[in-house]
Amino acid sequence: QSVLTQPPSMSAAPGQKVTISCSGSTSNIGNNYVSWYQQLPGTAPKLLIYENNKRPSGIPDRFSGSKSDTSATLGITGLQTGDEADYYCGTWDSSLSAGVVFGGGTRLTVL
Amino acid sequence: EVQLVESGGGLVQPGGSLRLSCAASGFTFSSYQMNWVRQAPGKGLEWVSYISSGGSTIYYADSVKGRFTISRDNAKNSLYLQMNSLRADDTAVYYCARENGPHAFDIWGQGTMVTVSS
Numbered sequence: 241q242s243v244l245t246q247p248p249s250m251s252a253a254p255g256q257k258v259t260i261s262c263s264g265s266t267s268n269i270g271n272n273y274v275s276w277y278q279q280l281p282g283t284a285p286k287l288l289i290y291e292n293n294k295r296p297s298g299i300p301d302r303f304s305g306s307k308s309d310t311s312a313t314l315g316i317t318g319l320q321t322g323d324e325a326d327y328y329c330g331t332w333d334s335s336l337s338a339g340v341v342f343g344g345g346t347r348l349t350v351l
Numbered sequence: 293e294v295q296l297v298e299s300g301g302g303l304v305q306p307g308g309s310l311r312l313s314c315a316a317s318g319f320t321f322s323s324y325q326m327n328w329v330r331q332a333p334g335k336g337l338e339w340v341s342y343i344s345s346g347g348s349t350i351y352y353a354d355s356v357k358g359r360f361t362i363s364r365d366n367a368k369n370s371l372y373l374q375m376n377s378l379r380a381d382d383t384a385v386y387y388c389a390r391e392n393g394p395h396a397f398d399i400w401g402q403g404t405m406v407t408v409s410s
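Those protein sequences? They're chains Y and W, same order as listed. Residues in the first sequence are numbered from 241 upward in steps of one, following the working numbering. Residues in the second sequence are numbered from 293 upward in steps of one, following the working numbering.
Errors might be hidden in some of the hints.
Reference listing, derived: stretches of chain W covered by chain Y, where coverage requires no fewer than 3 residues with Cβ under 8 Å from a Cβ of chain Y [as the list claims (entries may be wrong)]:
no.: 1; stretch: 361 to 367
no.: 2; stretch: 371 to 382
no.: 3; stretch: 391 to 397
no.: 4; stretch: 401 to 407
List of simulated lysine to any residue pairs, SDA-like, C-alpha gap at most 25 Å [stated by the list, open to error]:
no.: 5; chain 1: W; residue 1: Lys357; chain 2: Y; residue 2: Gln241
no.: 6; chain 1: Y; residue 1: Lys286; chain 2: W; residue 2: Gly301
no.: 7; chain 1: Y; residue 1: Lys286; chain 2: W; residue 2: Tyr324
no.: 8; chain 1: Y; residue 1: Lys286; chain 2: W; residue 2: Tyr372
no.: 9; chain 1: Y; residue 1: Lys294; chain 2: W; residue 2: Ser323
no.: 10; chain 1: W; residue 1: Lys335; chain 2: Y; residue 2: Asp301
no.: 11; chain 1: W; residue 1: Lys357; chain 2: Y; residue 2: Leu336
no.: 12; chain 1: Y; residue 1: Lys286; chain 2: W; residue 2: Gln295
no.: 13; chain 1: Y; residue 1: Lys286; chain 2: W; residue 2: Val297
no.: 14; chain 1: W; residue 1: Lys368; chain 2: W; residue 2: Glu293
no.: 15; chain 1: Y; residue 1: Lys286; chain 2: W; residue 2: Ile350
no.: 16; chain 1: Y; residue 1: Lys294; chain 2: W; residue 2: Thr320
no.: 17; chain 1: Y; residue 1: Lys294; chain 2: W; residue 2: Asn392
no.: 18; chain 1: Y; residue 1: Lys294; chain 2: W; residue 2: Gln295
no.: 19; chain 1: W; residue 1: Lys368; chain 2: W; residue 2: Met405
no.: 20; chain 1: Y; residue 1: Lys286; chain 2: W; residue 2: Val294
no.: 21; chain 1: W; residue 1: Lys357; chain 2: Y; residue 2: Ala338
no.: 22; chain 1: W; residue 1: Lys357; chain 2: Y; residue 2: Ser334
no.: 23; chain 1: W; residue 1: Lys335; chain 2: Y; residue 2: Ser297
no.: 24; chain 1: Y; residue 1: Lys294; chain 2: W; residue 2: Glu391
no.: 25; chain 1: Y; residue 1: Lys286; chain 2: W; residue 2: Gln402
no.: 26; chain 1: Y; residue 1: Lys286; chain 2: W; residue 2: Ser299
no.: 27; chain 1: Y; residue 1: Lys286; chain 2: Y; residue 2: Arg347
no.: 28; chain 1: Y; residue 1: Lys286; chain 2: W; residue 2: Pro394
no.: 29; chain 1: Y; residue 1: Lys286; chain 2: Y; residue 2: Asn271
no.: 30; chain 1: W; residue 1: Lys335; chain 2: Y; residue 2: Pro248
no.: 31; chain 1: W; residue 1: Lys335; chain 2: Y; residue 2: Val350
no.: 32; chain 1: Y; residue 1: Lys286; chain 2: W; residue 2: Gly393
no.: 33; chain 1: W; residue 1: Lys357; chain 2: Y; residue 2: Ser265
no.: 34; chain 1: Y; residue 1: Lys286; chain 2: W; residue 2: Pro306
no.: 35; chain 1: Y; residue 1: Lys286; chain 2: W; residue 2: Pro333
no.: 36; chain 1: Y; residue 1: Lys286; chain 2: W; residue 2: Gly307
no.: 37; chain 1: W; residue 1: Lys335; chain 2: Y; residue 2: Gly255
no.: 38; chain 1: W; residue 1: Lys368; chain 2: W; residue 2: Ser345
no.: 39; chain 1: Y; residue 1: Lys286; chain 2: W; residue 2: Thr407
no.: 40; chain 1: Y; residue 1: Lys286; chain 2: W; residue 2: Ala315
The set of hints was computed from the structure by calculation and includes no laboratory data. The C-beta atom is built at its ideal place from N, Cα and C for all residues, glycine as well.
Please build the complete structure, drawing on both the sequences and the hints.
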């Protein structure tokens, strides 16, 4: 059971927009930056968003991030079949067991 | 090219030990904080351990505390994870990841598989 809660799966058609939620608490999302990762099948995760809403160089602006209170959201517009992947949110948790925590992951299907 | 390459994974019996290595290239390794993250088969990402750029600050996940030891050799551009008292639930792909910005992992290795089984 993950500290951060994400929907296990989502689906949308090519060209559409999808938003993936990540819910936490004041000990993690509420007081720390959120990152988002994309993991294509059989590959290592890739950083999509850092510091809540910043994109590393090379990440298209179809990907966006936002944060409000103890929740964060990843938005993907103009869905492509190549976006079919697992998406994870991550942040620092400053509770007794301090460390980085990830959401359980959202499997995105583009159909 | 900025790159991380893990090695050292394999099959080990419960209670055994294994040492993972991560070789960094293409960037100034000594300037970056580093982490280990693992992923059990068919499961999500689980953070394992963190080490600061100079090695003075270290954190572990509760699940590995007291059994795993993270270390680095900046002269050799290498990160390590010594894993002792291994259990079946340690079975996973282990990734090393560079931290760039607050808890943002911008470079990942390809991963090395660790299987704990008799």
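Requested in this report: Compare the structure with the hints numbered earlier in the document and write down the numbers of the violated ones, lowest to highest.
Outcome: 1, 2, 10, 23, 34, 36 and 37
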